[in-house]
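K.L.:
Sequence:
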Amino acid sequence: MTRILAAAALLLVAACGQHEGHDVAANEAAEAPAAPAAADSVPSLDGDWSVASIDGKPVGSGSMTASFSGGKANIASGCVRRGLTYTQKRNVVSFAVDPGGSANCEGRGTSAEHEAAYAALQGATIAIFGKEGKEANLSGTGGNLALERR
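Numbering (our numbering), first residue to last: 1176 to 1325.
Calculated directly from the structure, the hints in this document are not laboratory data.
Don't take each hint at face value.
Said to hold, decoys possible - Calculated cross-link-like contacts (lysine-lysine; reagent style DSS-like; alpha-carbon spacing at most 30 Å):
(1) K1264 with K1232
(2) K1264 with K1309
(3) K1232 with K1306
(4) K1247 with K1264
(5) K1247 with K1306
(6) K1247 with K1232
(7) K1247 with K1309
(8) K1232 with K1309
(9) K1264 with K1306
To be verified - The calculated label-pair distances, taken between Cβ atoms and stated as ranges, are:
(10) A1278 with G1235: 18 to 28 Å
(11) G1235 with T1300: 20 to 30 Å
(12) K1306 with N1279: 27 to 37 Å
(13) E1307 with S1236: 32 to 42 Å
(14) E1281 with G1305: 16 to 26 Å
(15) A1278 with E1307: 13 to 23 Å
(16) V1217 with E1281: 34 to 44 Å
(17) E1307 with C1280: 34 to 44 Å
(18) I1303 with E1281: 16 to 26 Å
(19) E1281 with K1309: 14 to 24 Å
(20) S1238 with N1312: 17 to 27 Å
(21) D1221 with G1275: 12 to 22 Å
(22) S1286 with G1222: 16 to 26 Å
Note that CB positions come from ideal geometry on N, CA and C, so glycine has one too.
I would like the entire structure built from these sequences, with the hints used as guidance.
P.N.:
Below, the structure written as structure tokens:
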């Protein structure tokens, strides 16, 4: 019986010793300094852009532009301009029509290419950036709009 009690006491002491070690490790982890927060690495759309392609079809260099500033967006081709409001949270974007930001050429309508770009921008829900923020692909239900910073 003495041997059983001695073995039980040894097991109890060993178990307690292991339990203490886990508490120390847990406490050390809790006291470790937190890693610095990562900087927001998603660029902003703010600025002036050239429309490079619409749904993968190239657009003539500089023939269509887009600009973003203060929650307002414009897509322009010649004297035709379509205005939108927008929000951007990291890669998530949303656009809404802003009729006050639009203008037409006197007596001329818009081109099919301009309307396709406008539809792509209006339906965009995500922005994926490349080349350190110098390129952006906006996509959503309206199609895909590839932009290059000017």
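K.L.:
Taking 30 Å as the top limit, are the C-alpha atoms of K1264 and K1232 close enough?
P.N.:
Within the cut-off at roughly 28 Å; holds.
K.L.:
Hint check: K1247 vs K1264, CA-CA at most 30 Å. Holds or violated?
P.N.:
holds (15 Å)
K.L.:
Does 32 to 42 Å hold as the CB distance between E1307 and S1236, or does it fail?
P.N.:
Distance hint for E1307, S1236 is violated at roughly 21 Å.
K.L.:
Range hint 34 to 44 Å: satisfied by the CB atoms of E1307 and C1280?
P.N.:
With a Cβ separation near 36 Å, E1307 and C1280 satisfy 34 to 44 Å, so the hint holds.
K.L.:
Given the hinted pair K1232 and K1309, is their alpha-carbon gap at most 30 Å?
P.N.:
holds (19 Å)
K.L.:
Between the beta carbons of D1221 and G1275, is the distance compatible with 12 to 22 Å?
P.N.:
Check passed, 20 Å falls within 12 to 22 Å.
K.L.:
What's the verdict on K1247 and K1309, does the C-alpha distance respect the 30 Å limit or exceed it?
P.N.:
With Cα atoms ~19 Å apart, K1247 and K1309 stay inside 30 Å; holds.
K.L.:
With a cut-off of 30 Å on the C-alpha distance, tell me whether K1264 and K1306 pass.
P.N.:
holds (20 Å)
K.L.:
How does the Cβ-Cβ distance of A1278 and G1235 compare with 18 to 28 Å: does it lie in that range?
P.N.:
holds (21 Å)
K.L.:
Do S1238 and N1312 keep their Cβ atoms within the hinted range of 17 to 27 Å?
P.N.:
Given about 19 Å between the Cβ atoms, the range holds.
K.L.:
Check the hint pairing K1247 with K1306 against an upper bound of 30 Å on the C-alpha distance.
P.N.:
Satisfied, since the Cα-Cα distance of roughly 24 Å is no more than 30 Å.
K.L.:
Is 34 to 44 Å a correct range for the gap between the Cβ atoms of V1217 and E1281?
P.N.:
With a Cβ separation near 40 Å, V1217 and E1281 satisfy 34 to 44 Å, so the hint holds.
In summary, the structure is inconsistent with hints 13, 14, 15, 18, 19 from the numbered list given earlier, while agreeing with the others.
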